[in-house]
Every structure is written in structure tokens, then in C-alpha cells.
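Those protein sequences? They're chains A and B, same order as listed. Residue numbers for the first sequence follow this note's numbering, so the first one is 1 and each next one is one higher. Residue numbers for the second sequence follow this note's numbering, so the first one is 474 and each next one is one higher.
Simulated from the structure, these hints should not be mistaken for lab results. The reader is advised that the hints may include incorrect statements.
In silico BS3-like links for lysine-lysine, alpha-carbon gap of 30 Å or less [stated by the list, open to error]:
id, chain 1, residue 1, chain 2, residue 2
1, A, 442, A, 247
2, A, 359, B, 745
3, A, 359, A, 80
4, B, 745, A, 218
5, B, 552, B, 670
6, B, 670, A, 338
7, B, 476, B, 745
8, A, 218, B, 603
9, B, 552, A, 79
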Amino acid sequence: MDKSVLKKSLEELTRSELPLESFYRERISRFNGEINAFTEVREANTDCHEGPLKGIPFAAKDNIHSRGFRTSCGSRMLKKYYSPYSATVIDRLGRAGACLIGKTNMDEFAMGSSTENSCYGASRNPWDTRRISGGSSGGSAAAVSAGLIPFALGSDTGGSIRQPAALCGIVGFKPSYGLVSRYGLTAFASSLDQIGPLSRSVKDALDVMRVIAGRDPKDATTVGAERELFDHNLEPDLSGKKLAVPKEVLEYEGLDGRVYGSFMDMIERIRQEGGIVDEVSVPSIKHVVAVYYLIAPAEASSNLARYEGTRYGFSELSSSYLRSVGITRDMGLGEEVKRRILLGTFTLSSAYYDAYYSKALKVRRILDSELSALFGDYDFLVNPTCPVIAPKVGEITDPLVFYLMDIYTIAANLSGLPSISIPAQPADNMPVGFQITGPRMKDMDVLSTGAAVEAISPFLKDGIAPIPERWDE
Amino acid sequence: MFKTVIGLEIHAQLSTPTKAFCSCPADTFGDTENTAICPVCTGQPGTIPVLGEETVRLSVMSALALNCQVSEISCFDRKNYFYPDLPKGYQITQYFRPLARNGFIEVRVGNGRKSHIRINRIHIEEDAGKTIHEGASSISASGKQGGTLVDLNRCGIPLVEIVTEPDITSSREARLAMESIRDILRYIGVCTGDMEKGALRCDANISVINTRNGQSSNRVEVKNINSFRFVEKALDYEYKRITQAMKDGKEVVKETRTWDLASKTTITMRKKEEESDYRYFPEPDLPPLRITGSYLEEVKKMLPELPDEKIDRFMRDYALPEHDAVVLVSDKELSGFFEETVKVTQRPKEVSNWLTGDLLRILKERDMTVGQSELVPDHIVDLLRLLDSRTISISVAKEIFSECVRLGKMPSNIVEEKGLQQVDDEEEIESAIRQAMKDNPKAVDQYRAGKKAVLSYFIGAVMRRTKGRADPAVAGSVARRLLEDD
Ligand SMILES: [Zn+2]
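Chain A with its partners taken away, still in its complex shape (with noise of 0.2 Å):
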């Protein structure tokens, strides 16, 4: 196996003679003010364990539990909540010597997608800060977009990983449902969520994959002997790899122009590789918006019920137990995460199950067989991870504007299925993403062919995601 290019990377990036931890938090120090992509940063435990990332400092979403962390979840909530226990995956990392130094902003319960949604403001974009992160993991994309921190966790469930990444040029992983516990991760909804790193190369990405991956007697939802999955060494190798591009995905009306472009180049330098791309069609696609929020917030409705303020959290006491229960979700959650509680309340109803959330699970089922049918004939389907480039903070204000954001990466989401995000070609100097999703389990595929993708792209250097000039100094 390689040795960690993660490491390789930081030796490149620490000029200075000052050991990874304080270089980072100096850094932190230095520009979080101005990118807003941290929420707590603390002194790590400086005796990290022996293992393969000893010594690297890493930050989590703020939704990921960390014994003694505040797990806001972007809440005013949970402002005040310290974790009793550790996630899995944060005890993992440390377990192979990564130290955690800091917990990163997100949408309000991850319901969002560009921490606007966040009490603690939204963070900035640091190819330019005048526009959003993108989100809902947009403090773990901003701080390694910077270079603020190597590497990031964060959660993905319509796409929270994928297309922050894409909007701060790194990479981001969405690994196969099941494939990594999301014991500790707060829930949002169940079925969707995952759990995977951002980082500044696919290879870094694998890295944290190998520790993170694996059954967890917490989570009866992982998958057992996955663990090897990730024991081998990326193969970029693009020649004979059948990609399929939906044509539904290109005929979408919201689709920017300039990320069509970036697509359309990549997708010629991909069959200069030898790579062979074919339009298809994928007929659920269009449905998967719809279907994606009749499922996470009937999820979500469920999952948010336990903040009411009796054992935990914010609480507002009143004359009785459910008017207290009233007052101190109204005064708790925001705005976002009310409105989706509410939508799911109202589709899990007996009187609307079977016309909304019974449909939605059937339209669900349909997807799967149709991409189930296309991985019989491609590799691999390829679209751009967002149609848009980030917009500009407080531009959108629309929900449905940035629901409809999320229509390339839901998909990989409502399947359980492997999904990366590769900076592609820039337009207007702000990052594209370019998305490889590929068939369950098949994750070090997806990554061996986005290592192919990344070698390609013409955004990165020297295999590395580049920090924007601002903070290269």
C-alpha cells in the first residue's frame, strides 16, 4: 500500500518548522474570523495513539458527537450541549493517532445548503467571501478548502458532502450506505445519512476512508467484512471505463451554463483517456427532488422529536408539558428545520401516508432498479455535483431554489450508493465539481476512477486541491 499522501501533503503545506497542530491552529486563529468555518476549537489531546494518521490534526461537523465537545448541530438547541460519548468514527480516527481540534459549522440539523441555516451565521467561501460555503457541511468544506485544517468530516444525506466540496473546490466522499457507522452522528434522516471525509485529494480522502470504514456493533445499519474494501491502492486508470451521463440531468432547465462547460470539458478530456461516455436515460431522476423530501423530513420529523427540552438542550418552561414542548421547539429550531418538521409531520399522517410517503418509498424502489439496470451496462454514471456555482450569501431566499440544488446528488443518497466530488474545470474563477457515483460497494472504484478524474483536472496542482491566494501565506 502507499504511504499516506495525506502526509506527503502536509510536509508540502508546513513550510514552517512548527509542529502540525499549532501550524494549524495558528492558521485557525489567523482567518476562521473571516471564513467563519469553525464553531469550537480546542486544545487537542497532545499524546495522540500510534497509527497511520499519528499526529494529523482533524476537525468534524458539528453534528458529530465527541465526548466533552459541544454538538451544537448549528442549533440554538443544542448551543449548550456537551457530548457525553464519542461517535465511532471520531474514536476510530483517533485511535490511528488523528487528533481532533475542532468541530465545523453547518446548516441547522444538517437541513440546509449553505449554512445560512446555521446559528452561527453562514460560513464564507474562501474563493471569494462574499458567497455561501454551500452546505449543509459548508464549515468542513470552507475550513479544508483554506487550509485551515488537512482533512474534514462531515455528513451527507441529499448530498452535504458532495456539494460543498464542489463549491469550495476539494474533494468530497460519500461512501456506500452502511459502510461507515453513524453511530454519533446526529440524526436526520436515518435512511440517508452518511458520514464521509473532505479533503484536498481523493488519496486523502481513501486514507481517512481505511480507518473510518468498517461494522460497528453500535450501528446495526453498517455492513460487515468491508473493511479490506479499502485495503488496496487507488488504480486511476480511465481507459475502457463506461460512464453514463443522464440526459435528464443535462436537460435540466436550472442547469448554469458555466457548469455545463466545466462538465463538457471534463467529459472530453475523459474520452482523451480513453474513457467512454454515453447519454442515457434515467427516467426517476426527474422524480428524486420530490422524493427526497417526502422521505428525509418524515425522517427528520421523527428524529427531531427528542428536542423538547426535558432532559436537554434549550427549554422554555410552560403551564403545561406540551405547551412547553411548543414554546421551546418555537423558540429552539429555526426556521428551515420547523418547516421541514412540518412537512414530515404531514406526510407520515395516517390520512396522507399512503398518498405521499407510501408513493414515495414505491418511487424510491424504481430508482434503485433503474440505476440497478444502468451499473449492468456502465461503470459508473457521471453528472456535475451542482448545477450552479456558489451564489452569493443572503442571494437565495427561495427554499425551493435551493432544494432543486440538490437534484444531482440525491440520487447517490436515496440508492446507498458510493459518490464522489472532483474539482473540475473553474468558471469565473469559482469552483466546479465534477460527481462519479458507481454501484453499492463499489467505493474504491468510485475512487480509483476519481483519482483518474483529479490526475485530469485541470484545478488542481500537483495533485492537491490549491488553497485560494488569500490564505496561501
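Dock chain B with the ligand against the given chain A, drawing on the hints supplied.
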């Protein structure tokens, strides 16, 4: 004429070592509040339930013992509602695809008759915590600030819910069905069956049909019945209330009522329209539960003989009356003790008399089980031998038996120590009677005047003088001889 239609929903706490979805201990009765808890069962953000193996095994055993068909695949669902003792805001249950369906029990209703009660379904769910209303007399969520406390020790303990078909036709039959289910669950060791400690709880649905015009009342649910007696009482009360309403031409409201201990009546808990929409949907954190054929076989092998079969066998093999068999079998330990004893003495009816009579009375007085007493089968064998050889009288035997239970001494040793051998020396008896005749000449006259019942006075006198060691039959014949001779 009115016909009652009753169905039961029984919640039984499983005797697993841990809670259903975390590794907290499940036997928390009497523990300090909120000590058997962890991030999972207190609903901390980010935690995930994981189904324990013992929960599966014990629920499958329950299903098999209740003659159900266990589904190859069953699924977990969430039942959503807000209550302070429900930390996740939902209860994990099996709503759409339960663990098992289509079972039945045979309930003995007396005189050798059995009622066939079908079981609709059995599913696994988790218990909620306990809400303690300080200084409030009624259960209401509108308690004053600080007036309600929550204990989460019980939260997450596995339950099976057993739902019968509405095959029960009287309150008595409901109680018998309930007892029969408790006996079965106790027998197979999956539930303590202790209603007082909440290990077994019962809700009942009742409706009444007027057989003359075929009209049926609305269904009324009676919740939170926490003793076998109250099952019967609450349903009796409801039957009267509903039939009275039907006679008066009033509508029986479809509602949930609860048994009120103080007034010994049922009172309205909530009307149908006040019932919340639980928004059931599949639990995404738990994969479907798959029960393979080989697993079922394995669990079947663990099942002991069930009460109903055992009662039949006791009646058949030991020629016991149904009542004896039912009493013996209702206590697994006792029936085992019985069989062990009978193996040595081969006198089942006599052994049964000792066990179902004197033994149960003594155990009840001392609040203990046969296993906790000092009694062993040899004691009874010895006792019967002493009675056979007429070494002791029956009244002495009873006294000795009680000592066996308390102190565990062999009956023959007790007889030896205390000199309790039966007096069959006629001279001693004769002298005792002569003494009594001297002490009470009036009684002698009465007897001789034809009042033969006075004989018992003389037998009693002999028993007193010999401290019960005399054979009453011998005493009687000697007394008769002396009274008639002289
Ligand atoms: Zn627990």
C-alpha cells in the same frame, strides 16, 4: 339477551439481562431512579438502537408457546408521540409486520371444558420510562412546574405485546385467559408475570351485542388494568354500564377508559377524537428481523412442556382430578416437586392432597415458594410411611408436616424426638376414658340415655390426654365398649 365480546392486549416485560436496544440492565425494579440509563435509552442525539439477541429469543419463545406462526421477516416501526417519559419522542414497536401471527390458547374454564382463544399477533416493543407525579393524585400532563419527575430506568426494557382476537365472552373468561397467558410466559421463563411490579399489564376491549336485534355497542377500551382481579371487575363494570346504556337507548361512546381504584369504576381517559395520530413509519435504524427455520427449531427445543399439556398429562398419568392438576401445574416448581415425590411413592392423589392443601396454605402464610422452603420429597415419603404403619395419627402428621416445611427435619426424627408415636395401647386409652367418665358423669348418663353423639366428647378427651397420639378410631371403639358395658 346480551352477548359480550372481549379482546385483550397484554404487555409482558421480557426477563432479558439487558434492555432491548442498549446494554443497560433490564431488571431495575427498586433501583434508584435514573441509574440504569445510557446515551441510547435516554435518547441522546446521535445514538442508535441495536436489537439484543435475548430479546429476539425470548419473544420467539413466547410466540411459539402461544402457538403462533413466526414471520420469517418482521420489521420495526416508530410510534411517534410526545410524552415526558418517552425520550426519543417515539416508541420502537412492530406495527406493519409483527413478529408472529395466528396463535391460540386453550383456557380451562372449569368442569373439564376449554375455551379456544385465538391470538391475532405478537410483536416486540420497548417500554417507556415512568412519570412520577409528585403531590398530584391524578395522571395529567398539566402538572405544575416541578410537579412531575421522570425515571428512565424502565425505558427500553423489551416487551412483547400479545393481542387476542375478540373471542372472550365473559369477564371471568378474560381473567382466566389472562392468567393462562401469564402461566405460559412464566413456564417458559420469559416473564415474571408479576402484575404488581408492572411486568405484566393488560388493556381490554369490550363491546356488547344485543342478540335480539343484533345491535352492537361501540367498542370501549379499558386501559391500565394492573391485577387479575381488576380485569374481571373492570369488565363486569363495563358490561353493566354498556348494557344499561343500550337498554336506555343511549349511545355508548367509543372511547378509552381506565380502571379507577378509588371508586371501583371505570372512568373516561380520552375520547376517540382526542386520540393522537401516531404517524407510524418503518424504523430506519433497525434492519428487518429475519428468523430462519433453523433458528426456530433451536428455540423450539428450548421450550419446556407447557401448562395445558402438563395438566392433561397429570390428569391422565396420575389420575388426578382437574382441579388438583390445575393447582399443581400453575406453579412450575410445585409440579416438579410433585412429580419427584410421586416417582418414589406412586401415590399421586395423596401427595397432591398434601401439596395443594397444607403446603400451599403454609407457603402462603409465610410468603415463600416451595423452593424456598425446607421441604424435600423424602419428607412426604416418610410421612406417608408413618401414616401407613399407623405410627402417627393424621393430626400429628399435619403438625409434623408444618415442621418439615419450616425446619427440614425428617418426620421419623421428629416423631422420635418428641415421642409422638401413636398410642395403640388399649390400656392407656381405656384409662383415659375411665378418667373422663369419672370427671363427667353427666356425659355418661346422656350417652346411656341414647344421645350417641356424646361419644365424640370421649374421643376428644382421649386425644387431649394423649396429645393427639391416639388413633381416633381405636379411641371410639374402646369408649363405646366401656360406655355400653358398665
Ligand atoms: Zn441504556
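Hints, verified against the model:
Under the criterion of a C-alpha separation no larger than 30 Å, the hint pairing residue 442 of chain A with residue 247 of chain A is consistent with the structure, at around 23 Å. Between residue 359 of chain A and residue 745 of chain B the CA atoms are separated by roughly 28 Å; this keeps the pair inside 30 Å, and the hint holds. Among the hinted pairs, residue 359 of chain A with residue 80 of chain A is inconsistent with the structure: their alpha-carbon atoms are about 39 Å apart, more than 30 Å. Annotation: proposed proximity of residue 745 of chain B to residue 218 of chain A is violated, straight-line Cα distance about 39 Å (limit 30 Å).
Between residue 552 of chain B and residue 670 of chain B the CA atoms are separated by roughly 25 Å; this keeps the pair inside 30 Å, and the hint holds. Of the supplied pair hints, the one linking residue 670 of chain B and residue 338 of chain A is violated, its CA atoms being roughly 40 Å apart against a limit of 30 Å. The hinted pair formed by residue 476 of chain B and residue 745 of chain B meets the criterion: a straight-line CA distance of about 23 Å does not exceed 30 Å. Proximity of residue 218 of chain A to residue 603 of chain B is assessed by CA-CA distance (about 26 Å); at most 30 Å being required, the pair is judged to hold.
Pair hint residue 552 of chain B plus residue 79 of chain A holds up; C-alpha atoms about 28 Å apart against a cutoff of 30 Å.
Against the hints set out earlier in the document, violations occur for numbers 3, 4, 6.
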